[in-house]
Structure formats: structure tokens, C-alpha cells
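Last residue of the sequence shown: 49 in numbering that gives the first Met the number 0, with the numbers rising by one and none dropped.
Since the hints were derived computationally from the structure, they do not count as laboratory data. Fair warning: this is a prediction, and the values are worked out from it, not measured in the lab. Please note: incorrect hints may appear among the correct ones.
[Unchecked claim] Label-pair ranges, simulated between beta-carbon atoms: (1) A40 x S4: 31 to 37 Å; (2) E12 x E45: 17 to 23 Å; (3) Y8 x I48: 20 to 26 Å; (4) D13 x S47: 18 to 24 Å; (5) I48 x E12: 17 to 23 Å; (6) K36 x E12: 26 to 32 Å; (7) H44 x L14: 17 to 23 Å; (8) D39 x L14: 30 to 36 Å; (9) V43 x D16: 20 to 26 Å; (10) S47 x Y8: 15 to 21 Å; (11) E45 x D13: 18 to 24 Å; (12) R11 x L38: 30 to 36 Å; (13) T19 x V43: 15 to 21 Å.
Positions of the beta carbon are idealized from the N, C-alpha and C atoms, including for glycine.
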Amino acid sequence: MNHSSMFYYAVREDLIDPETSIQVGIRTFNDDFMGVKILDAELVHEHSIN
């Protein structure tokens, strides 16, 4: 169990559609997150308004 478990189970139980979902600001990265597009924390920080 970790901080992304809720998303894993939500995708598995068809509560989240991975084809239309983006996870923003994640600090750890998993190469295969069930088809969800991921914008990791580093990318978000590099492209932030500040």
C-alpha cells in the first residue's frame, strides 16, 4: 500500500477512466500506471507559473 493505491484500485474498479485521466504532481513514477497519463512533480515545477 502506498500513496497511489487509491488510484490503482479506482482504475481497477472502473471508477476512473485511464484514457481520459491525468495524474498531476506525483513525486514517484511507475512506468506502467494502467494507462493514466502522468505529469510528475519535476515537470510541473519546471513549467509552473512562478
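Evaluated hints:
1. A C-beta distance of roughly 18 Å is found between A40 and S4, which places it outside the suggested range of 31 to 37 Å.
2. For the hinted restraint 17 to 23 Å between E12 and E45, the CB-CB distance of approximately 33 Å leaves it violated.
3. Look at Y8 against I48: about 33 Å separates their beta carbons, and that is not inside 20 to 26 Å.
4. For the pair D13 and S47, the supplied restraint of 18 to 24 Å is violated, since their beta-carbon distance comes to about 33 Å.
5. Range check, I48 to E12: Cβ separation about 35 Å, and the 17 to 23 Å hint is violated.
6. The given range of 26 to 32 Å is broken by K36 and E12, whose C-beta atoms sit roughly 19 Å from each other.
7. Checked against the given bound of 17 to 23 Å, the beta carbons of H44 and L14, roughly 29 Å apart, lie outside it.
8. Distance hint check: the CB atoms of D39 and L14 are about 23 Å apart, inconsistent with the given range 30 to 36 Å.
9. The beta-carbon spacing between V43 and D16, approximately 22 Å, falls within the hinted interval of 20 to 26 Å.
10. Distance hint check: the CB atoms of S47 and Y8 are about 30 Å apart, inconsistent with the given range 15 to 21 Å.
11. As the Cβ distance of E45 to D13 is approximately 33 Å, the hint placing it in 18 to 24 Å is violated.
12. About 22 Å separates the C-beta atoms of R11 and L38, a value inconsistent with the hinted range of 30 to 36 Å.
13. With their beta carbons about 19 Å apart, T19 and V43 fall inside the hinted range of 15 to 21 Å.
Consistency with the previously given hints fails for numbers 1, 2, 3, 4, 5, 6, 7, 8, 10, 11, 12, ordered from lowest to highest.
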